[in-house]
Structure formats: C-alpha cells, structure tokens
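Listed in order, the protein sequences are those of chains R and Z. Residues -2 to 143 in the numbering used here are what the first sequence spells out, letter by letter. Residues -2 to 143 in the numbering used here are what the second sequence spells out, letter by letter.
Any given hint might turn out to be false.
Identical copies carry no separate label here, and so any pair may be met within one copy or between two of them.
[What the hints assert, rightly or not] As a list, the in silico DSS-like pairs of lysine-lysine whose alpha-carbon atoms are at most 25 Å apart: (1) Lys63 <-> Lys97; (2) Lys(-1) <-> Lys54; (3) Lys130 <-> Lys97; (4) Lys97 <-> Lys(-1); (5) Lys38 <-> Lys137; (6) Lys34 <-> Lys63; (7) Lys38 <-> Lys63; (8) Lys130 <-> Lys38.
These are calculated hints, taken from the structure and not from any lab test. These numbers were taken from a predicted model, which means no experiment stands behind them.
Protein chains: 2
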Amino acid sequence: MKPIGIIHSPYKHRREAHSQTNRSEEISQIEVFEEFKEGLKDIEEFSHIVVIYWFHKSQGYSLLVKTPWDDTLHGLFATRSPDRPCPLGLTIAELVAREKNILTVKGLDALDGTPLLDIKPYVVAIDARSAVKAGWFEGKLGKRRG
Amino acid sequence: MKPIGIIHSPYKHRREAHSQTNRSEEISQIEVFEEFKEGLKDIEEFSHIVVIYWFHKSQGYSLLVKTPWDDTLHGLFATRSPDRPCPLGLTIAELVAREKNILTVKGLDALDGTPLLDIKPYVVAIDARSAVKAGWFEGKLGKRRG
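With the rest of the complex left out, here is chain R:
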C-alpha cells in the first residue's frame, strides 16, 4: 500500500478538523505525485471526487466508541471515527480546480500531510443513495454535543 500523493490542508491538529457531518467549506490541495500525474487525465471534467486517504494520526482503536453526537456507545463500524483497524478515510470532495498534478478541493477535512491512497470520480448512479435509514445518526446532524 503505497501513497499516490499527499494532502495539504489548513488542519494541523486533529482537534481542528471538523467532524464530517459539519460539512466544511475549507479549501485543501491534493498533490498527486509526478509519477501518477498521467492518471489524472479528464478528472477536471468531474465536479466531485471520491478521496481515500490514510488516517496517519490514528493510534489504535476501540470497538465501542462514543461520538460527538450522543452519550451512547456505538459499534465502531457504525461510526465514522478515524480510529479503526484499517484507518481509511473517505470524503466526497468538490473539485474546484486542477493545475497539473495539484487538485484544489473544497470540503476535504483531512489533516495537513495526510497520505493520499486513491482518487475516484464521484458518479451519482454508482455512489449516491436516497431513501436511506441513517440509524443512530437520524436527527442528530447539526446537534453536536457540548
């Protein structure tokens, strides 16, 4: 598992990065390493991209976790906690611009220096679902605890 790039963002520490459920308007730069640049052909035609990255500041995990949204212990895989057995981060980011191997994106809440693992085009027919039951998240978004 070899990174294909690195993420440059305004978030230097974990406490600064927004929870994904407070969608951010911050701008980040995704630097794709030169050796993979050719693989970006046509990416600028997409308005949104799937960004998969490595939560490199993650240190271990618990299988039951409390989130910022309530006081209940939830199973780790029913949460978006960055502390996971395979600490893979996933964000659908808005692609604002591309200049050579640098993608400027909005709404990617990864820490500065995060290793980039993959980029995929976001396609509604593949990735979007409606009529979704959001389990314990229902009604909690925007109502962060404390």
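Got chain R sorted already, so can you dock chain Z onto it with the hints?
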C-alpha cells in the same frame, strides 16, 4: 493493513462481476472476523453501508485506460477500474440483514474471497452529493460497449 473480514459472493471470476454502473441486485455475505464483531453494534439500524475492500485479483495498472463505456483513453483516476496503484474497492451496499458477524447485503459486486478492509455507515449528509457533473460518464451509463 489487516483485513477485518472476507466477502462471500456469487462472483468467482472477474468477468462475472458486473460493472458498478449496472447496479446489481445480487446478494453477498460479508463475514466480519469474530475479533471485530463487537464493532458491528447498531449497524443493523442503517439501510446502507460503505464497504471498502481490497481488489485482490488486481495485477498492476496503467495510468491511461479504456473502459467498457467508450473507446477513449481516460486517466485511471477518472475511472473506476479495479487495477490501481492502491487497489481499493468502494461500494455503497444495501444492508438487508445482520446475523451476528454476518452482514447480508445487496449490490456489492466484489469477487468471492475479497478481503474486507472497512465498513462505515452510509449517511446522506456526509456521502451523497447532488448537482454533480459526471465528466465523460455523462450519458454513458446503461450504454455499455460491445
């Protein structure tokens, strides 16, 4: 990077697995290893889950690829090809049932025996986007070549 489970599916060979853009109704079973079972608490409350897995049959990649959708070479990162530098697969699957550490899902087009890396709850506010520009995919879905 250690798998947290294994996917049991009707797809034994790559040629049998549907392209993700022909959304399948096939049923697969996700077996989460016993040691991670506790992390599934509350997952059954969600109708859809994000499944991240390892394209274990992937052997190398090209940075420019042809897809089943047209005769044009596209940049790899503007396609959903399984042959990638980090061969990470991503599917939003419908969660049909949970029995202990086995999740029954619909629409997960991974090969039988695929290593499972992560499960996250699918939450519209986090994962879904509308008003999306789908680049070269526009108008091509459902019109597979040959």
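To see whether the hints hold, each was checked on the structure:
Taking CA atoms no more than 25 Å apart as the test, Lys63 paired with Lys97 passes between copies only; the shortest distance there is 22 Å, against 41 Å inside one copy. For the homomeric pair Lys(-1) and Lys54, the shortest alpha-carbon distances inside one copy (17 Å) and between copies (17 Å) are both at most 25 Å. In this assembly of identical chains, the alpha carbons of Lys130 and Lys97 lie at most 25 Å apart only when taken from different copies (20 Å versus 40 Å within one copy). Taking the shortest Cα distances, Lys97 and Lys(-1) sit within 25 Å of each other inside one copy (21 Å), while across copies they are farther apart (34 Å).
Taking identical chains as interchangeable, the C-alpha atoms of Lys38 and Lys137 lie at most 25 Å apart only when they sit on different chains, with a minimum of 18 Å there against 39 Å within one chain. For the identical chains of this complex, Lys34 and Lys63 are inter-copy neighbours only, at 17 Å across copies versus 40 Å inside a copy, given an alpha-carbon limit of 25 Å. In this assembly of identical chains, the alpha carbons of Lys38 and Lys63 lie at most 25 Å apart only when taken from different copies (12 Å versus 41 Å within one copy). Taking the shortest Cα distances, Lys130 and Lys38 sit within 25 Å of each other only across copies (16 Å), while inside one copy they are farther apart (36 Å).
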